[in-house]
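Number of protein chains: 2
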Amino acid sequence: MANTDSVKVRVLSLNCWGIRYLSKQCPQRYAMIGDMLCKEEHDIVLLQEVWSEKDYLSLKKRLACSHPHSHYFKSGVIGSGLAIFSIHRIHDTFLFRYSLNGYPYMAHHGDWFGGKAVGMAVLNIGSLTANVYVTHLHAEYCRDKDSYLPHRVVQAWELQQFIRHTSAGADMVILGGDLNMHPEDLGNRLLRSYTGLQDAYLETAKFDGCEDGMTLIADNPFINKKELCPFEKGIRIDYILFKGSTKTDIYCDYMSTTKGSIPNHPFPYSDHEALTAGLRLETHTLTQSDRQPKIQDSAAGKLAALVDIVTEARTEVKVGLHCAEGMRYTATRTGVMGLALLVLELAIAAVPWLALGTEQPFPRTSFYLLAALCFAILLTTFLLYIFYTMELKALQGAEDQMRLAVGSLQEKLRGFPLAQPHNAPRRPPEGHEPSALAPEE
Amino acid sequence: MANTDSVKVRVLSLNCWGIRYLSKQCPQRYAMIGDMLCKEEHDIVLLQEVWSEKDYLSLKKRLACSHPHSHYFKSGVIGSGLAIFSIHRIHDTFLFRYSLNGYPYMAHHGDWFGGKAVGMAVLNIGSLTANVYVTHLHAEYCRDKDSYLPHRVVQAWELQQFIRHTSAGADMVILGGDLNMHPEDLGNRLLRSYTGLQDAYLETAKFDGCEDGMTLIADNPFINKKELCPFEKGIRIDYILFKGSTKTDIYCDYMSTTKGSIPNHPFPYSDHEALTAGLRLETHTLTQSDRQPKIQDSAAGKLAALVDIVTEARTEVKVGLHCAEGMRYTATRTGVMGLALLVLELAIAAVPWLALGTEQPFPRTSFYLLAALCFAILLTTFLLYIFYTMELKALQGAEDQMRLAVGSLQEKLRGFPLAQPHNAPRRPPEGHEPSALAPEE
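Protein sequences, first through last, are from chains A and B. 110 is the number that full-length UniProt numbering gives to position 110 of the first sequence; each next residue is one higher, with no gaps. 162 is the number that full-length UniProt numbering gives to position 162 of the second sequence; each next residue is one higher, with no gaps.
Heads up, a few of these hints could be off.
[Stated by the list, open to error] Which stretches of chain A does chain B cover? Using the computed rule of at least three CB atoms under 8 Å from a CB of chain B, they are: (1) 156–166; (2) 390–403.
[Unchecked claim] DSSO-like mimics (lysine-lysine), calculated; alpha carbons at most 27 Å apart, straight line: (3) B:K247 to A:K412; (4) B:K61 to A:K318; (5) A:K226 to A:K206; (6) A:K412 to B:K8; (7) B:K60 to A:K318; (8) B:K206 to B:K247; (9) A:K60 to A:K39; (10) A:K54 to B:K318; (11) B:K60 to A:K412; (12) A:K61 to B:K145; (13) A:K61 to B:K206.
Hints were generated in silico from the structure; no laboratory data involved. By construction, the Cβ of each residue, glycine as well, lies at the ideal position given by its N, Cα and C atoms.
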């Protein structure tokens, strides 16, 4: 193996918390962010929650000199909020909208309207191709009773599928974003172990930032400390992940996060901390013998671990399926009751009408009010029925794909001479060391 | 270049027209399709419009021996209708839902409820990896005044993006499906020229089937001849497309279609004709000199043609944007009128209420009816507003990506010593020979 080339790439990821008129000090913070990006000149800047296109356009104007290439990913009602700025030319972009993303009637959570997605940009860095991904998964509003967990697990599943299938031709894969998952959460394990992506915080040679790499911290003045409970100091939910290819090795030389305040500024950039990673890419001329044995060594163990994780994800999706079925059943039942009420009302009103000449005993006002109520129930439950059916289809689809994936992984596992017996990989996943899943780029 | 291996793959694609209780002779036709597939033993079977999962499951049962591997792609309210059966093991599947797909209130067209998508399955055929895609684009209900054209163009755009980005690791790419586009329609040119996919009908060594490869023909008893007008004999809208890779060359040895009737059966399999293609894959050991000059030769011309096609697609998407903006404006205006009416009504009712003791002159029944009408208008226009905003975002997103793609293509074009001047590729696309776009696998 002969190293022939070394390329350095500085990446920033930041959730900008850019809800116009609602987020605190929004215009001032965008101005600060613009100044910082212009000065720091990161190679790649991955932003989330840039909800307003106007804010993106003003950032684009501000960064015209430092980052001439950029893309804003549009999706949903409001937009995906995802933006990418780059020093290197963006050759191609692609957007994948997650099939599940909360509920439209949970308007105060707003995730559904955002049309959450993963955006991809293909960049040429020197002679190398980099696939850069930016995403923002569904928020976790209550960790103890997280009704959005199946949705987030399906998003993580689709994210790993998207990255895995679109990155075959890339020399370098970088994912930045607010995953709304703790480091060892199911979705995160699924994503990392299936794609082989490495966590910059875990891999970095040097680190300067918040304790445990936290990105949502109690010391940030925009944070409501009560909402962090029981994680008093904070949580790590924003990530920069990366991997190389068979042609390249990639290393994280340093990583840093902001620490809740910015020197000489009255407030921080956002309620999330900004992440910066310094990556180094080493190109090597690959000989067949270089890589083959290295992969073989731990492949069986990794596959077995992956089978466990996917099985765990399937269980979570099944829980979601069960809930969605329940909700659809409730909607159906309410709709049927609305219909029955309407029929009953019409029957009562029809009796005196059939017995000609009899005075109508049903007060007109009540009649119309009741009818309007019935129609409102019917319409609402019909819309809910359609929505829950779509949710069910998406969950079932993910579950089918996971089942197929488990089968295929087990098939591969059987091919290994040292593999454990068929049913062994199905042991409970608690026993795993996360390091067993770590890829070996 | 030394040929080392040859693999043969037989592919079938069929739009099954499987709307339970509505499509004519649906159960009988499914039985016929099952018998035929079981007997013919195609390597890969790509089905569209299998709207009911029950029908998929009964087919799966019927084909358990001949096609042990299968997948049904779930999406939308009803389902995507896409299914794949395979003799070879399916290792992985992935579904991409198109961002645009008609309008939910056009319920009689039904496309929105189908949740149109492209399904991908990764198969191992011997030592080769095949990426197999199945899709069904939005129907064309009126060719002269096709209000769905921007939606279909965006679907074709997303289809080519999906195939291009997910097929980098594949030795063989096969796409089968009902594209609802004539051979030289914009979306079809976009798809073929961007991905380099070849049309089996145009490339086949032998052909046995309908005139001009038509797949929706007047001779099919399920076809309403009036709907085909002005194409009296029929149209070609179903396709099998394919390409190899740098490691493989692919050829179509033969192709056939059914011809509107099936010997010894009272009616055909569907209102569409079934397509069968015999593909042959030749693996070769690639030396750098093999491919490089061949690609260079016509690359500039192809790029210029591609710039034209993407520019044409952008124009079409802009037309769609203009329409969607108009629709959203109409919805907003109607909503504002509904609100004004409600305010006016409340004002009229409030006057005698404020002047205490005066008799209420507004008849109660009319009052409630009018109020209900206002609320209905407000709700409907609100939902339409949200829907059109999502349509706008999706169209704008596609337009942005196309603009970026054109820029990137023109940049590449400048790199060619023999390239035409900068503005030359923007000449009207009518002058192109389709053969200029044909890839050179």
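These are the hints, each one checked on the structure:
| no. | hint | in the structure |
| --- | --- | --- |
| 1 | 156–166 | holds (count 4) |
| 2 | 390–403 | holds (count 7) |
| 3 | B:K247 to A:K412 | holds (24 Å) |
| 4 | B:K61 to A:K318 | holds (24 Å) |
| 5 | A:K226 to A:K206 | violated (32 Å) |
| 6 | A:K412 to B:K8 | holds (24 Å) |
| 7 | B:K60 to A:K318 | holds (23 Å) |
| 8 | B:K206 to B:K247 | holds (25 Å) |
| 9 | A:K60 to A:K39 | holds (14 Å) |
| 10 | A:K54 to B:K318 | holds (20 Å) |
| 11 | B:K60 to A:K412 | holds (24 Å) |
| 12 | A:K61 to B:K145 | violated (40 Å) |
| 13 | A:K61 to B:K206 | violated (58 Å) |
Against the hints set out earlier in the document, violations occur for numbers 5, 12 and 13.
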